[in-house]
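Protein chains: 2
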Amino acid sequence: MYKLNAKKSNSRRGELTTRKGVIQTPCFMPIATKGAIKTITADEVRELSPDVILGNTYHLMLRPGSDEIKDLGGLHRFMDWEKPILTDSGGFQVFSLAKIRKITAEGVKFNSHISGKEFFMSPEDSIKIQMNIGSDIMMVLDECVELPAERSYLEKSVDLTTVWAKRCKDFLLNQPINQSTNKPLLFGIVQGGLESDLRKKSAKDLVEIGFDGYAIGGLSVGESEQEMCSTLDFTCPELPENRPRYLMGVGYPHQIVEAVKRGIDMFDCVIPTREARHGRLYLWNDLFLESDRNILDLGEFSKEFYNTINIKNEEYKFDLKPINSNSKFPELQKYSKAYLRHLFVTEDPLAQRLSTLNNLEFYLGLMEKIRKDIQ
Amino acid sequence: MYKLNAKKSNSRRGELTTRKGVIQTPCFMPIATKGAIKTITADEVRELSPDVILGNTYHLMLRPGSDEIKDLGGLHRFMDWEKPILTDSGGFQVFSLAKIRKITAEGVKFNSHISGKEFFMSPEDSIKIQMNIGSDIMMVLDECVELPAERSYLEKSVDLTTVWAKRCKDFLLNQPINQSTNKPLLFGIVQGGLESDLRKKSAKDLVEIGFDGYAIGGLSVGESEQEMCSTLDFTCPELPENRPRYLMGVGYPHQIVEAVKRGIDMFDCVIPTREARHGRLYLWNDLFLESDRNILDLGEFSKEFYNTINIKNEEYKFDLKPINSNSKFPELQKYSKAYLRHLFVTEDPLAQRLSTLNNLEFYLGLMEKIRKDIQ
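Chains as they are written, first to last, in my numbering: chain A, 247 to 621; chain B, 247 to 621.
Hints are computed from structural coordinates only; laboratory data are not their basis. Among the hints, a few may not be true.
[Said to hold, decoys possible] Stretch-level coverage of chain B by chain A, calculated; a stretch enters the list once three of its residues show a Cβ under 8 Å from a Cβ in chain A: (1) 286–293; (2) 313–324.
[What the hints assert, rightly or not] The list that follows gives simulated cross-link-like pairs (lysine-lysine, PhoX-like), each with its CA atoms no further than 20 Å apart: (3) A/Lys563 - B/Lys316; (4) A/Lys447 - A/Lys415; (5) B/Lys316 - A/Lys316; (6) A/Lys580 - A/Lys563; (7) A/Lys348 - A/Lys415; (8) A/Lys254 - A/Lys580; (9) A/Lys374 - A/Lys415; (10) A/Lys580 - B/Lys447; (11) B/Lys316 - B/Lys429; (12) B/Lys254 - B/Lys615; (13) A/Lys345 - A/Lys329; (14) A/Lys402 - A/Lys355; (15) A/Lys329 - B/Lys580; (16) B/Lys329 - A/Lys316; (17) B/Lys249 - B/Lys618; (18) B/Lys447 - B/Lys402; (19) A/Lys574 - A/Lys615; (20) A/Lys567 - B/Lys316; (21) B/Lys429 - B/Lys446; (22) A/Lys249 - A/Lys329; (23) B/Lys249 - B/Lys329; (24) B/Lys615 - A/Lys316; (25) A/Lys580 - B/Lys316.
Since the model is a prediction, treat every value here as computed from it, not as a measurement. Glycine included, each C-beta is placed from N, C-alpha and C at the ideal position.
Take these sequences, add in the hints, and give me the full structure.
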């Protein structure tokens, strides 16, 4: 299912085949948290052209609900998106948003942060919900430990995550799969905090069980960038070459570049869309666009080749230059920075939409450049 | 400038020529309150294809500001709209939103409802601001009296409005007009509450001064529909046949039909866009679309040929039918009612955008049908 087409040092250029199409990697997955990439239509997403997007199981199980989304024909139909969808297990948001009642070997009991309603989710439940959503790439349920944590807690947690991962795989294997839709992929999630031996153990145990891909979870949760890079340095070599590697929830452009250099293939992050909604725009410098330099050979990627601006700043009040003259979106070429600022100041939702298009185009363009430069 | 092409009883089919193009009447003007029709792009407005849109002087003089919008090249350039723009005088919102300090013969002193900053606006100032905006059809500054009001106050107010109207006209006449852009049009505003003799006097005085068109103001401010219709019945005959008539701030579809029957040519209203943002959709019944019946001959227009739904209602949770299968917008054809409801429930701004497109398409379609049926 994963074909490694080219390598440049540790950077990998590959293709991941799913039942809904091929994903060119390294890739960035825009986040459709609640069944939509906020403020934009599916046609606009198609124009942006990601190979895969991400849906959040926790949010979708609350609204419209797990059985409800099945009755609605699954997420693809519901949101008008025919290409691959990856879903997380729901675990991360259970641990970050919900009020947790209890974690046991059996699963996790929690209350909805919206209605207060109590839910119980076992590893098997997570897979069942992801099946109801119609996910093409599922994640196993894992425990996300907040750092810093006691070594002894981390140890127990890694073991629990492994046991849960196995249960997810077994449950999926036993599902009658519709022949016409084929089997979705299932990824394991390596945990272990910043501990080299625990990460290696987690990876080894998961590889032994065998998954279609391996995610690295529990990063970008407050550790330093140096710590994140080291963790990738000692974890990636433990993962098989012939499976995709997904760094969950990362990150800023320079972090993505650093992770690609260490062998990561897949990314998701709220940064481009969330920051867009707050008026922070990612823009390439002309220098970069004119340059033929390989993005993976740059020392300081961030400083030289792109910058971010806060469009709400006073300095853009009379800036009649286009929002982004290099954009493929006519509205970003035609509207001025001054107008976008005015839309933010007057709280017109159009502001968030224009910024979202801009930032996703930037992130997806970054991945395209990375793929080209590995090749 | 106004050419009356056809009449059906008192209904008028005409063409109003402005420096930015011809407006087919009867027409509905979507409202770009703060320099944008909320949630949608200028390209989408072009797709909706109104001949003219409306900008609010009060909002634009506060943000980005009167001199500022001039420096930004005017509203057309700022918001990427090349067809006609009508601006109100600012008066209505001064009276409804701002904290008014004092009305004198000279003008009105008020405080911004946003910053609290004090402004003074004379009739001449209003025209000057509308010129800075780059308006193609300007309105004179008038006093909007809240009803019910003392007869003596109404009398004084009508006289003040006439004096102010004259001052607006004189001021505009004395402006050096750039030959390449030509002169904008200026409309007088008939006031007088629900008093037949005052409305007639106001109309007569304004016609004597002579304007490019005549608006009827001070309606849709709490009076009954019967009262509104009577006011039109005794006011319209006082207005010249060869000038357009604009009923300000009206209204619901059936009110527009009733006003057209009484000789009104132009409308603006926040209803389609504001209600859209709250989840109320206007939808044609199939019966109407299949019918050849003349819209002006219907007894009860509203009940038979369209309905409104609150898409947020539970009943749409599993409604997989298109939002609007008759829409020209692919997103309204492809997305289900259930999905639009979900977008409202999860507070995705895309919900307001889809609804706005739907309702403006309905209103503009209504006007197209009206024009066809008069012809």
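To see whether the hints hold, each was checked on the structure:
Evaluation of the coverage hint for the stretch 286–293 of chain B: fulfilled, as 4 residues show C-beta separations to chain A shorter than 8 Å, against a requirement of three. Judged by the Cβ-Cβ criterion of 8 Å, the stretch 313–324 of chain B is covered by chain A as claimed, because 5 of its residues qualify and three suffice. Between A/Lys563 and B/Lys316 the CA atoms are separated by roughly 13 Å; this keeps the pair inside 20 Å, and the hint holds. At most 20 Å may separate the alpha-carbon atoms for a hinted pair to count; A/Lys447 and A/Lys415 meet this at roughly 19 Å.
As the CA atoms of B/Lys316 and A/Lys316 are separated by approximately 54 Å, the hinted pair breaks the 20 Å bound. Only pairs whose Cα atoms come within 20 Å are accepted, and A/Lys580 paired with A/Lys563 is accepted, the gap being roughly 16 Å. Between A/Lys348 and A/Lys415 the alpha-carbon distance is near 23 Å, which puts this suggested pair outside the 20 Å criterion. Pair hint A/Lys254 plus A/Lys580 does not hold up; C-alpha atoms about 39 Å apart against a cutoff of 20 Å.
Restraint check for A/Lys374 and A/Lys415: satisfied, since their Cα atoms lie roughly 12 Å apart, inside the 20 Å limit. Among the hinted pairs, A/Lys580 with B/Lys447 is inconsistent with the structure: their alpha-carbon atoms are about 48 Å apart, more than 20 Å. Distance hint between B/Lys316 and B/Lys429 is fulfilled; the C-alpha atoms sit about 17 Å from each other, no more than 20 Å. Straight-line distance between C-alpha atoms of B/Lys254 and B/Lys615 comes to about 14 Å, which keeps the hinted pair within the 20 Å bound.
Taking the CA atoms of A/Lys345 and A/Lys329, the gap is about 33 Å. The hint is violated against a cut of 20 Å. For the hint linking A/Lys402 to A/Lys355, the alpha-carbon distance of about 18 Å falls within 20 Å, and the restraint holds. As the CA atoms of A/Lys329 and B/Lys580 are separated by approximately 16 Å, the hinted pair is consistent with the 20 Å bound. Between B/Lys329 and A/Lys316, the direct Cα distance comes to roughly 47 Å. Violation of the 20 Å bound is thereby established for this hinted pair.
Between B/Lys249 and B/Lys618 the CA atoms are separated by roughly 16 Å; this keeps the pair inside 20 Å, and the hint holds. In summary, the hint linking B/Lys447 to B/Lys402 is supported, as the alpha carbons are separated by about 12 Å, within the 20 Å threshold. Straight-line distance between C-alpha atoms of A/Lys574 and A/Lys615 comes to about 16 Å, which keeps the hinted pair within the 20 Å bound. With a C-alpha separation of about 16 Å, the suggested pairing of A/Lys567 with B/Lys316 holds against the 20 Å cut-off.
The suggested pairing of B/Lys429 with B/Lys446 is violated, with an alpha-carbon distance near 29 Å, which exceeds 20 Å. Straight-line distance between C-alpha atoms of A/Lys249 and A/Lys329 comes to about 19 Å, which keeps the hinted pair within the 20 Å bound. Restraint check for B/Lys249 and B/Lys329: satisfied, since their Cα atoms lie roughly 19 Å apart, inside the 20 Å limit. Distance restraint check for B/Lys615 and A/Lys316: the Cα-Cα separation of roughly 41 Å exceeds the 20 Å cut-off, and the hinted pair is therefore not satisfied.
Between A/Lys580 and B/Lys316, the direct Cα distance comes to roughly 19 Å. Compliance with the 20 Å bound is thereby established for this hinted pair.
When the structure is compared with the earlier hints, violations turn up for hints 5, 7, 8, 10, 13, 16, 21 and 24 and for no others.
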